[in-house]
Amino acid sequence: MNLHSGLREYTLTSALKDSRFPPMTRDELPRLFCSVSLLTNFEDVCDYLDWEVGVHGIRIEFINEKGSKRTATYLPEVAKEQGWDHIQTIDSLLRKGGYKASITNDFRKTIKLTRYRSEKMTVSYTEYLAHRQHHHFQNGIGHTLPPYNHYS
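Heads up: the sequence shown begins at 1 in full-length UniProt numbering, then just goes up one per residue.
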């Protein structure tokens, strides 16, 4: 899947099918901001504490209490925004990944951790419409666009 198709598909899935949230409505569009994070500089590390809050995103891989391999990730800004330290972040990620058993320091040491960085771009719906309108006129079409159909 190419980047454009992937972003489009993931956007629609996030907006309309994420079971953690009610589906977006058309009335919400003017208040929305869209952010895309480009993840870079992936590094496998030996110690689950070898990353910096607010600088690195982390992806963990672990074996759950049923013997299944599970993964979970947080972008670099998550731990900082939540006010978490390393242990709180790791424990939250374990829960996010479906780990239900007691979390011990010995178990944390079994985690395979990959740290990464990201570059985040954010645009408001108004900025998106202005860009879309400008691009439309640059291509010589010369008339306004129909209302945005967020399902297309």
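Hint data in this document are derived by calculation from the structure and do not stem from the laboratory. Misleading hints may appear alongside valid ones.
Calculated cross-link-like contacts (lysine to any residue; reagent style SDA-like; alpha-carbon spacing at most 20 Å) [unchecked claim]: (1) Lys112 / Glu81; (2) Lys96 / Arg26; (3) Lys120 / His4; (4) Lys96 / His135; (5) Lys96 / Thr13; (6) Lys112 / Ser35; (7) Lys120 / Tyr74; (8) Lys80 / Ala130; (9) Lys96 / Thr122; (10) Lys109 / Ser35; (11) Lys120 / Arg59; (12) Lys80 / Tyr125; (13) Lys112 / Thr126; (14) Lys80 / Glu52; (15) Lys69 / Glu52; (16) Lys80 / Leu38; (17) Lys120 / Val78; (18) Lys96 / Glu119; (19) Lys80 / Ser118; (20) Lys120 / Cys46.
Restraint-style ranges between C-beta atoms, simulated for each label pair [to be verified]: (21) Glu119 / Ser68: 30 to 36 Å; (22) Thr25 / Leu49: 30 to 36 Å; (23) Glu43 / Thr122: 46 to 52 Å; (24) Ser37 / His131: 18 to 24 Å; (25) Asp85 / Leu16: 23 to 29 Å; (26) Asp106 / Leu3: 38 to 44 Å.
Where a beta carbon is used, it is the ideal one built from N, C-alpha and C, also for glycine.
Hint check:
| no. | hint | result |
| --- | --- | --- |
| 1 | Lys112 / Glu81 | violated (24 Å) |
| 2 | Lys96 / Arg26 | violated (29 Å) |
| 3 | Lys120 / His4 | holds (17 Å) |
| 4 | Lys96 / His135 | violated (40 Å) |
| 5 | Lys96 / Thr13 | holds (19 Å) |
| 6 | Lys112 / Ser35 | violated (28 Å) |
| 7 | Lys120 / Tyr74 | holds (14 Å) |
| 8 | Lys80 / Ala130 | violated (32 Å) |
| 9 | Lys96 / Thr122 | violated (25 Å) |
| 10 | Lys109 / Ser35 | violated (33 Å) |
| 11 | Lys120 / Arg59 | holds (17 Å) |
| 12 | Lys80 / Tyr125 | violated (26 Å) |
| 13 | Lys112 / Thr126 | violated (41 Å) |
| 14 | Lys80 / Glu52 | holds (10 Å) |
| 15 | Lys69 / Glu52 | violated (25 Å) |
| 16 | Lys80 / Leu38 | holds (18 Å) |
| 17 | Lys120 / Val78 | holds (13 Å) |
| 18 | Lys96 / Glu119 | violated (23 Å) |
| 19 | Lys80 / Ser118 | holds (14 Å) |
| 20 | Lys120 / Cys46 | violated (27 Å) |
| 21 | Glu119 / Ser68: 30 to 36 Å | holds (33 Å) |
| 22 | Thr25 / Leu49: 30 to 36 Å | violated (42 Å) |
| 23 | Glu43 / Thr122: 46 to 52 Å | violated (25 Å) |
| 24 | Ser37 / His131: 18 to 24 Å | holds (19 Å) |
| 25 | Asp85 / Leu16: 23 to 29 Å | violated (35 Å) |
| 26 | Asp106 / Leu3: 38 to 44 Å | holds (41 Å) |
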